[in-house]
Amino acid sequence: MIESAAAILRIARRRPLLVQAALLLLALLLPLPLSDYYRTVAWRTGIYVLLGLSLNVVVGYAGLFQLGHAAFYAIGAYTAAILNLRCGVPLLAALPASVAVAGAAGYLITRPILHLRGDYLAIVTIAFGEVVRLALVNNLFGITGGANGLSGIDRPSLFGVELRAPIAHYYLMLFFLAVTIAAMHRLERSRLGRAWLCVREDEEAAAAMGIDATRVKLQAFVIGSAWAGLAGGLFAGKLTVVAPDLAKFMESVVLFCIVVLGGTGSIPGVFVGACGMVTLPELFRPLRDWRDAWLGITMVVMMIARPEGIWPSRRVQMEIRGEKEEARAPAG
Amino acid sequence: MEALLELRGVTKRFGGLLAVDAVDFTVRAGEILGLIGPNGAGKTTLFNLITGFHPPTEGEIRLRGEAIAFPPPAGVARLAGRRSSLPAHRITALGVARTFQTIRLFKNLTALENVMSGLHPRTRAGIWGALARTPAQRREERWIVERAGECLARVGLGASRDELAANLPYGLQRRLELARALATRPALLALDEPAAGLNERETDDLVDLVRGLRAEGLTLLLIEHDMRLVMRVSDRIVVLDHGRKIAAGTPQEVRRDPAVIEAYLGAEEEGG
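For the protein sequence lines, the chains are A and B, in the order given.
Mapping to full-length UniProt numbering: the first sequence position 281 is 281, numbers consecutive.
Mapping to full-length UniProt numbering: the second sequence position 188 is 188, numbers consecutive.
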């Protein structure tokens with residue numbers, strides 16, 4: 001049993017294309033036997049994977065604490081909603097604007113706080129997340145609809161067909177998810193991806209290598225925020241309602257947990273994290289009130305037993321394990 | 001000989017502590033300049049000023065005539081947080097590379113990846129290049145790997161390219177730091193105690209390497225505690241004590257300089 005599993009893993013390692021094709025096929029076939037309810041659960045999970053991947057750029061690759069990420073998700077959703085309701089822009093055509101506005105907001109919000117480190121950055125990002133939520137509640141510029149949000153957004157339509165069924169939204173989400181994974185994979189293995197790693201490991205040594213830490217961190221924030229905006233736009237198209245709750249702190253915490261518990265800096269880790277944080281509570285609906293407790297318990301257990309996450313990237317695992325060993329080693 | 005780096009009246013205060021006090025000297029193109037002094041003389045601080053890690057309190061530093069550290073801005077510019085030097089990454093891009101006194105490699109990256117990071121200022125691909133994986137970006141990536149391999153081979157680390165930096169023995173880590181600095185293609189290579197912790201044979205190898213690099217046209221600035229090493233490789237030596245320059249000249253001149261003898265031996269005489 002174990003041997004055959006190991007054999008499969010070996011084949012998987014040698015033939016990554018085969019694995020990718022199999023996973024894609026699985027994702028394509030997954031909703032077919034499911035009821036509409038479970039298709040929606042699958043869609044929701046996918047959206048959170050998308051959000052997790054976007055946050056992973058900031059937290060995982062660049063090693064920056066971002067505890068207000070849901071704000072950009074909300075900004076993306078509101079952008080699509082406002083463009084659709086006020087200017088009659090079709091939802092899919094509004095998606096680029098969601099991406100652009102969320103990215104621009106990411107730039108403006110993080111530009112002044114980039115020099116902050118670690119926990120200080122975390123505190124400031126929490127505050128900014130709340131600022132965005134309160135601005136939405138207070139009906140910013142009179143266009144965000146206050147505490148009730150905005151409703152009656154058009155559903156997206158493709159080639160003249162309105163996407164109404166959950167399965168259609170699932171495939172729309174899947175398309176963007178596939179694009180995102182490919183993009184993240186490429187970013188990881190690029191000059192910029194390496195610069196992020198260096199800044200995460202040692203900012204001063206990175207500066208000595210001619211890496212502009214401020215610039216690459218800003219790029220991580222902007223890419224992460226813009227991608228969260230995309231997820232927001234997709235959300236607005238499915239639910240046809242947006243509300244300030246999208247930007248609430250708990251949402252940011254869930255996103256952070258998805259990245260950290262799944263395995264910081266790892267694409268498969270984000271899938272694992274999203275399943276644990278979103279799918280499981282959804283499947284065990286009767287236990288929903290226990291969700292926060294579940295979150296807390298998992299956090300505590302994971303931090304003790306496996307701080308690098310369930311499916312970590314090789315590097316983060318080494319970083320965390322290495323630090324532990326250093327801490328254990330006798331001084332001198 | 002042409003001046004590569006010029007320091008004029010460079011001063012650094014940390015609160016009430018005067019770490020570097022109005023130091024002037026010139027590094028000529030193609031020479032090996034040793035920077036020595038007793039503990040706490042301000043050598044590493046001066047190094048950090050030259051490489052942009054700290055902005056100076058006063059004074060000016062020029063690289064090939066271009067100011068990289070300048071008198072502090074006044075008025076609005078100061079309030080806006082303008083520094084009195086270029087940031088470290090810009091100075092690296094202009095051609096000053098450094099190593100650190102305590103090794104600061106990217107420990108969880110392989111030797112090759114460490115050196116690849118040094119090629120960052122010599123390459124251009126950004127977000128779009130990475131996402132679209134354009135032909136130019138792929139060509140650049142191939143060039144980076146090739147060039148990083150050459151730098152590793154230059155310091156004799158060709159066989160360890162896929163080894164994690166953390167797993168290399170100490171002597172090789174020192175070499176890797178050197179290779180990483182070389183990858184930035186510097187005009188001036190600043191080494192902060194490169195022989196610290198090396199045994200005699202490794203030190204000899206280092207001397208050969210440093211001389212070889214100079215022969216290839218590199219200028220070197222060397223902080224070193226090991227007097228024998230400094231005397232052996234330096235063309236000229238600058239001596240610091242209590243943040244001030246007390247002597248400069250060839251190794252022979254410096255060795256005979258009464259102020260230097262005083263600085264190194266004075267404390268002992270007073271104590272005895």
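It should be emphasised that the hints constitute simulated quantities derived from the structure, not laboratory data.
All values reported here derive from a predicted model rather than from experimental measurement.
Don't be surprised by glycine CBs; every beta carbon is placed ideally from N, CA and C.
Some clues are possibly wrong.
What the hints assert, rightly or not - What the simulated footprint calls covered on chain B by chain A, stretch by stretch (three residues with Cβ under 8 Å from a Cβ of chain A suffice, anywhere in the stretch; the number is not a length):
(1) 98 to 108
(2) 128 to 140
What the hints assert, rightly or not - Pulled a few chain B residues facing chain A out of the computed Cβ check, cut under 8 Å:
(3) T51
(4) R83
(5) S84
(6) A88
(7) S117
(8) N167
Cross-check of the supplied hints:
Closer than 8 Å: that is the beta-carbon criterion, and the region 98 to 108 of chain B has 7 residues meeting it against chain A, so the requirement of 3 holds. For the region 128 to 140 of chain B, the proposed coverage by chain A is satisfied: 6 residues have a C-beta within less than 8 Å of a C-beta in that chain, meeting the threshold of three. Taking 8 Å as the C-beta contact cut-off toward chain A, the hint placing T51 of chain B at the interface holds, the least distance being around 7 Å. Interface restraint check for R83 of chain B: the shortest CB-CB distance to chain A comes to about 12 Å, outside 8 Å, so the restraint is violated.
With its C-beta approaching chain A no nearer than about 17 Å, S84 of chain B sits outside the 8 Å limit, and its interface hint is violated. The criterion of a C-beta within 8 Å of any C-beta in chain A is met by A88 of chain B, whose closest approach is roughly 4 Å, and the hint holds. Because the closest C-beta pair between S117 of chain B and chain A is about 5 Å apart, less than 8 Å, the hint holds. For N167 of chain B, the shortest C-beta to C-beta distance to chain A is roughly 10 Å, which exceeds 8 Å, and the interface hint is violated.
The structure is inconsistent with the numbered hints 4, 5 and 8, although it conforms to all the rest.
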